Each structure stands twice: as structure tokens, then as C-alpha cells.
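Engineer: Chain by chain, the residues run as shown.
Number of protein chains: 2
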Amino acid sequence: MELNNAIFQRRTIRRFKQIKIEDSVIGELIDAARVAPCGGNSQQLGYIVIRTPEKAGRIFEITAWGGHVKPHRNPVPEKSAPTAFIAVIAGKTDSKVVHADAGAAIQNVLLKAVELGLGACWIGSFHKEKASEILQLDESISVLYLVALGYPDEKPVMENINQGDSTKYYLDKDDVIHVPKYSIDAITQWY
Amino acid sequence: MELNNAIFQRRTIRRFKQIKIEDSVIGELIDAARVAPCGGNSQQLGYIVIRTPEKAGRIFEITAWGGHVKPHRNPVPEKSAPTAFIAVIAGKTDSKVVHADAGAAIQNVLLKAVELGLGACWIGSFHKEKASEILQLDESISVLYLVALGYPDEKPVMENINQGDSTKYYLDKDDVIHVPKYSIDAITQWY
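These protein sequences, in sequence, are chains A and B. If you're matching positions, the first sequence starts at 39 in this note's numbering and goes up one per residue. If you're matching positions, the second sequence starts at 39 in this note's numbering and goes up one per residue.
In case anyone wonders, no lab produced these hints; they're calculated from the structure. These numbers were taken from a predicted model, which means no experiment stands behind them. Careful, some of the hints might be misleading.
Intra- or inter-copy, both count: the list cannot distinguish identical chains.
Calculated lysine-lysine pairs in the DSS-like style (CA-CA distance at most 25 Å, straight line) [what the hints assert, rightly or not]:
no. : residue 1 : residue 2
1   : 219       : 108
2   : 219       : 130
3   : 130       : 193
4   : 168       : 134
5   : 130       : 206
6   : 166       : 134
7   : 117       : 93
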């Protein structure tokens, strides 16, 4: 797939077909994550793939979804919920730089997901202690982010906005999510 | 360009040809940054493009480069230094999530740079107060990261490593930078 198609067609997906994702496909996502840049090349991130229905269901229970369109657009277990998750983990001394590293690695995952026909939702809002419990993590490790995965069952669209406009995504009457994004001019200064 | 080529050919560049980058080209990088995902779609990031030789030179003076290969590989002004920078800015209440947002947006910039024939170095190590002073930023705003840009004048290569191996990048006898990256198996658990 062309890079531009991945970058500009990528949208957060919150409704998934109930089709299993093959391990080899998820492996391609991790392969993209691992080659992302990171501070000092220190590679402090690890990845836990959660793809058995039992474990994925337990992780789903501790996640929060789409603040601006809930409860209407909350995924429903066995109907529209993600079929797998990737937990992005790091040592508990996680700095802002490690979060930036996670952002870059996750962006590679999200772009690769578009190419592979997958949908994804990057989740920062979840019960961290319960995630560690479900994944039986050592006390020295924490889950920074979750990436929900599945074959997409919706097609959100992007809208360009200017400075001062609302950034809240919204559902239209046809149940399509619209995602406002600032124009280049709204967010850029030139020196 | 194919997405995979951008993801896997992208390497941090620290030696640049002294050729001006057109504004329209830098605009394409910002266009990729603005459509990246972010927490709650709140879009708290802004971008300052620094491309006049005077301003770019002043920013260069306050940056630190390639800890594992310095001083040998420090870029030299008017010889191998970046010809432009993008400063990624946000309000001073910058949270870990905003740093993760910055990571995702910067990754889009870095991938798009590969496609456009540019090299880039994501810099977290710089004098933040002096950056704010040079850019005449309001007290409520800070620079999270700098992205150095220019047409590349080196070709670093990636090496696969296993858990326990050193992650330090290094120069070989031919003055090529080698960048070790963990294999998928070294950083992934499956549930």
C-alpha cells in the first residue's frame, strides 16, 4: 500500500467484525513497531499479544471507549468488540520519552494495520492495575497503552477544521463517525 | 512509496547535504503530522518550522546529537548540519499522553520524510529554555521535541539483535552507523 493511503485513510475503528486475526498478521504489526525510532535507541518497550477469546474478553472489560460518542458507540462483546489487543508495556520508571517512543511504535502498528485490512483503536483509558493482574505482570512492569484490533465494521471520515472549531468527533444520522482535524495553517508557524 | 519501504528503510540521519528544502515539501510533512491519532482527538500539538539559515543555525547550537557516536558524528555547521527544523510545541501542562501524541505525529513526519528523499533526526535532547527564547514563545507554551531535517548524506543500516545484546548504535571502519533492533521474539509475549 502507498504510504499516503495508510497515513490519510487511517482512522480509529470502534466496531469490528467477529473474525479471528491470524498470528502471522499480528506478527507483521509487531515487526513494524520494533523498527520505530526511540530515545537513545534504548528500546524499552515490550508487546503482549492478547488474542484468545477469553483473555481478549477480559481485557475488553477494563477498557473505556470513544468518550465523545458513548454509550451509543461502545463495542459489544461477541458482536462488535475487538478480537485481539496488543498491550504496550515498559518498566514502571516510564518517562515522558518512553511514552513518546510508544506513540511512534504504535503509529507504525496503526499504519501497518491499514495495509493489512485491519482496524485499530489506540486506548489510553483503561484500568491499569487490572490489566497488570490479567496479564500477570511483574510489579516492575506496567501497561502504557492498549491497541484494540479487528477487521473493521465501520468507515469514519475526516473533516478539516480551523483554529477555534470543535475537535470533538461526532456521529451523523447515518451512524458514521466524523473526525475533525486542524488544517496545516491552523497549527503551523514559519520562521 | 510503499509503506513497508518507508517503515523499514527509515533510519535516523545525522549528516546532511547543504541543500535548501522547499516550503511546499515541509508542508507535506506537517500535513502527515496533523492527521495522526491523539488522545480524545484533542490535537494539543503545534508546529514551528525553522528554515531560515540564521534561525536554523541558532536552534542547531542548542541541540545534542547521537550520544553513542559523538563527538565524531556531530554535524558541522555549513557542512553537514540540518538545513531546517520542525519544533513540536504544546501547552506547558504537557502530559505523558501529549508526549505519546507527539511520538505518533513525529513518526508520520519521519515516514513521509523517507518518501520525499529527506533525512531526519528526532531530537529530545536540547536546551528547552533557550529554544523557547529563540522562538519567542509565550510562557504557556513549551517545545516538546525538535525534528532536524535535510537531504541525507549518510546511509545507516539496521541489525537484528536478541534479548541481552547491546542496543547501542555504533560506527564501523567505513564510517557507517549500525543500529541494533530487537527481533520480534525478543520483545513479544503471546496470550
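Engineer: Take the hints in turn and mark each one as holding or not.
Structural biologist: Going through the hints against the structure:
1. 219 / 108: within (20 Å within a copy, 40 Å between copies)
2. 219 / 130: between (33 Å within a copy, 22 Å between copies)
3. 130 / 193: neither (36 Å within a copy, 35 Å between copies)
4. 168 / 134: both (22 Å within a copy, 20 Å between copies)
5. 130 / 206: Only across copies: residue 130 and residue 206 sit 22 Å apart there, 32 Å inside one copy, limit 25 Å.
6. 166 / 134: both (17 Å within a copy, 15 Å between copies)
7. 117 / 93: within (16 Å within a copy, 55 Å between copies)
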